[in-house]
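Turn these sequences into a full structure, and let the hints guide you.
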Amino acid sequence: MSVAAASRAAPRGSGLARLLNGPHDIGRTPGAWAVLAAGLASFLVYPHWATAFQATNVAYYLLNIPMALGLSLLWGYGGVLSFGQVAFFAVAGYVYGIVAGNLPDAPWGTWLGVVSGLGASAALAAVFGYFIFYARVAAWIVPILTLVLALLLSTFLGLTAGSMWTVGQVPLGGYNGMTGIPALQVGTLTFQDYAFYYLTVGVVVLCYIGLRAWVNAHRGQVLMAIREDTLRTELLGYDVRREQLRAFVLAATLAGVSGLLYVQWGNYITPSVTGLQQAALPVVWVAVGGRDSLLAVAICTFLLNQLSYVLSSAGNQYALVIIGALLVAVMMFAPEGIVVTLARRTWRRRR
Amino acid sequence: MPEAVSLLYQFGTNAAFLLLSALGLIVILGMMNIINLAHGEFMMLGAYAATASVQRGVPFPLAVLIAAVAVGLFGVVIERLIVRRFYGRELGALVVTWGISLILGQGALLLFGPFMPPIAIPGGAVALGDYSFSVYWLFLIVLCGVLLAALAFVYRATRFGLQARAAMQNARMARALGIRVDRIYMATFALGAALAGLSGALLAPTTSIAPFMGQQFVAPAFITVVVGGGASVIGGALGSSGLLSLVQTPVAFLFGTFSGTLALLLTALVVIRLLPGGVSSIGRYFTRRSLAAAR
Chain L
1 MSVAAASRAA
11 PRGSGLARLL
21 NGPHDIGRTP
31 GAWAVLAAGL
41 ASFLVYPHWA
51 TAFQATNVAY
61 YLLNIPMALG
71 LSLLWGYGGV
81 LSFGQVAFFA
91 VAGYVYGIVA
101 GNLPDAPWGT
111 WLGVVSGLGA
121 SAALAAVFGY
131 FIFYARVAAW
141 IVPILTLVLA
151 LLLSTFLGLT
161 AGSMWTVGQV
171 PLGGYNGMTG
181 IPALQVGTLT
191 FQDYAFYYLT
201 VGVVVLCYIG
211 LRAWVNAHRG
221 QVLMAIREDT
231 LRTELLGYDV
241 RREQLRAFVL
251 AATLAGVSGL
261 LYVQWGNYIT
271 PSVTGLQQAA
281 LPVVWVAVGG
291 RDSLLAVAIC
301 TFLLNQLSYV
311 LSSAGNQYAL
321 VIIGALLVAV
331 MMFAPEGIVV
341 TLARRTWRRR
351 R
Chain Z
1 MPEAVSLLYQ
11 FGTNAAFLLL
21 SALGLIVILG
31 MMNIINLAHG
41 EFMMLGAYAA
51 TASVQRGVPF
61 PLAVLIAAVA
71 VGLFGVVIER
81 LIVRRFYGRE
91 LGALVVTWGI
101 SLILGQGALL
111 LFGPFMPPIA
121 IPGGAVALGD
131 YSFSVYWLFL
141 IVLCGVLLAA
151 LAFVYRATRF
161 GLQARAAMQN
171 ARMARALGIR
181 VDRIYMATFA
191 LGAALAGLSG
201 ALLAPTTSIA
211 PFMGQQFVAP
221 AFITVVVGGG
231 ASVIGGALGS
241 SGLLSLVQTP
251 VAFLFGTFSG
261 TLALLLTALV
271 VIRLLPGGVS
281 SIGRYFTRRS
291 LAAAR
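Protein chains in written order, with UniProt numbering: chain L, 1 to 351; chain Z, 1 to 295.
No wet-lab data here; the hints were simulated from the structure.
Watch out, some of these pointers could steer you wrong.
Said to hold, decoys possible - Example chain Z residues on the side facing chain L (calculated, C-beta under 10 Å, incomplete):
hint, residue
1, V96
2, G99
3, G129
4, A187
5, V226
Treat the numbers as computed from the prediction; the structure is a model and nothing was measured.
For glycine and all other residues, C-beta sits at the position ideal for the given N, C-alpha and C.
Put into structure tokens, the structure is as follows:
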């Protein structure tokens, strides 16, 4: 969607509602909002018919959505591709595990873990992004270097076996990873089973609403302007480097949110979460859904996570081949993404 | 004296490894502004082709050539079917070649199983003082120089090289002059793939051969490309592998292999911060100055 189209579409209402109904996502008609509300309602009532195990599984399909949304913001809206979102996912997970695991008795220990996990992801992204964006490198360098970052992090975490790699009382665990990570707690409530499910749904909805407002707000529009014409945006007085760095840090923090939810889900984390195969997955979710639509990315992330879970739990060795072929096919035949293409086609037919 | 030679040997092997890992990638990037993320898997295919040939009794040097030709042909197929649709869309090309790499890695696992028997390192070792040096690695270091010289010859002295450089500088103008830019791109991609296959086959005896072996080349190869930049293929490859090896050799010697690779990444960050176009842009800078001085 071009910047020109954005300025033509006059936003209605005011405040958050106006931002949410801005032009930079699919699903702006009243009908679409009704479908969205119905979808959310069904997620909210789902646990009534589901066992705790099923609800936890559904939460697992959902928990990668913040990371995917962050990549959608960066790549689809900002034109900056990152292959290393999983690195920030892993950093948040590991740091949470270290902090929360060292404060098992403090009531606020897990929350300090959340803050430091997200802070570590954002700090790593800020330092790494400073070198990349303030150098104004060519577009292909960002994905390459972020991929190398993720791979090196995975290699490093794999080397952390043995007692010398124990932080406080938490061993990092090398290839076997970190186990027994405590779940979030508020008073006597521990976020497991149904509580974890509702936490995940809530976090995902908040991330989506927040980002949808963000891309329709001024900052988001500047980001899209940089994607469309970097030089012109710069001549209009915006610091392109700072805006890109800001989006990069935001996307990394969102990847950290997914990492935190992941360690809540399984109470463990291994170096493979930031390995080459995992690093490919966020790109697949975003590309297949449609990178310049947050909603399409969210839907696609949910469905593809379900697909890979089903494939891998059935012991299917073709999972990676299928995912790779899906990526190639989408890039060749539906470069806008499957969900976006379908949505736009349906919308046109109704007109 | 032997210590100095040993250090030089370490430096040479590291630089040769970086250069071999990255050469095919740099050729494709420099000419077509496309990053082939399936590069590591192309190297894996080269290693597999060489191993399969050696197992059937083919002498190793011939097996290496077979691997290069086979992967080059495979590169043509990939270019015609997929990559040519992504010229001018660098991010799209990155993503689609990543999809190809996933298919190739897992596909090799399914087709050929998790292990291939290793190839013995040809040649023995020569001793100097208390140190011994692998003849094969010495040969690889020399071969790197030969490969670069051959590439320089192709680009500077052949008709293909002239047309390729024309297509690289201004594709539309080259087309208007009757150069079949499409063919040039195809040939360049095939050349890059063949170099990847060649490197994979050459490095096969020095490593374990497995479906996901391509992954170990990803970090060094891509860092070399980033540091080298796309402005000049030969200068970028040589300058980048030399500089990186200069950093990596002492760090890896003192703190271990992983620290060596980490030092590569940190060097890359510093280099792009100072020279966003990579070390090959230094050459361009001096050329421009001498041109300006001539005027």
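Do the hints match the structure? See the list:
Because the closest C-beta pair between V96 (chain Z) and chain L is about 4 Å apart, less than 10 Å, the hint holds. Taking 10 Å as the C-beta cut-off, the interface hint given for G99 (chain Z) holds, the closest approach to chain L being about 3 Å. The interface hint given for G129 (chain Z) is broken, as the beta carbon of that residue sits about 33 Å from the closest beta carbon of chain L, more than 10 Å. A least Cβ separation of about 22 Å between A187 (chain Z) and chain L goes past the 10 Å threshold, and the interface hint is therefore violated.
A cut of 10 Å between beta carbons decides the hint on V226 (chain Z): the least distance to chain L is about 6 Å, and the hint holds.
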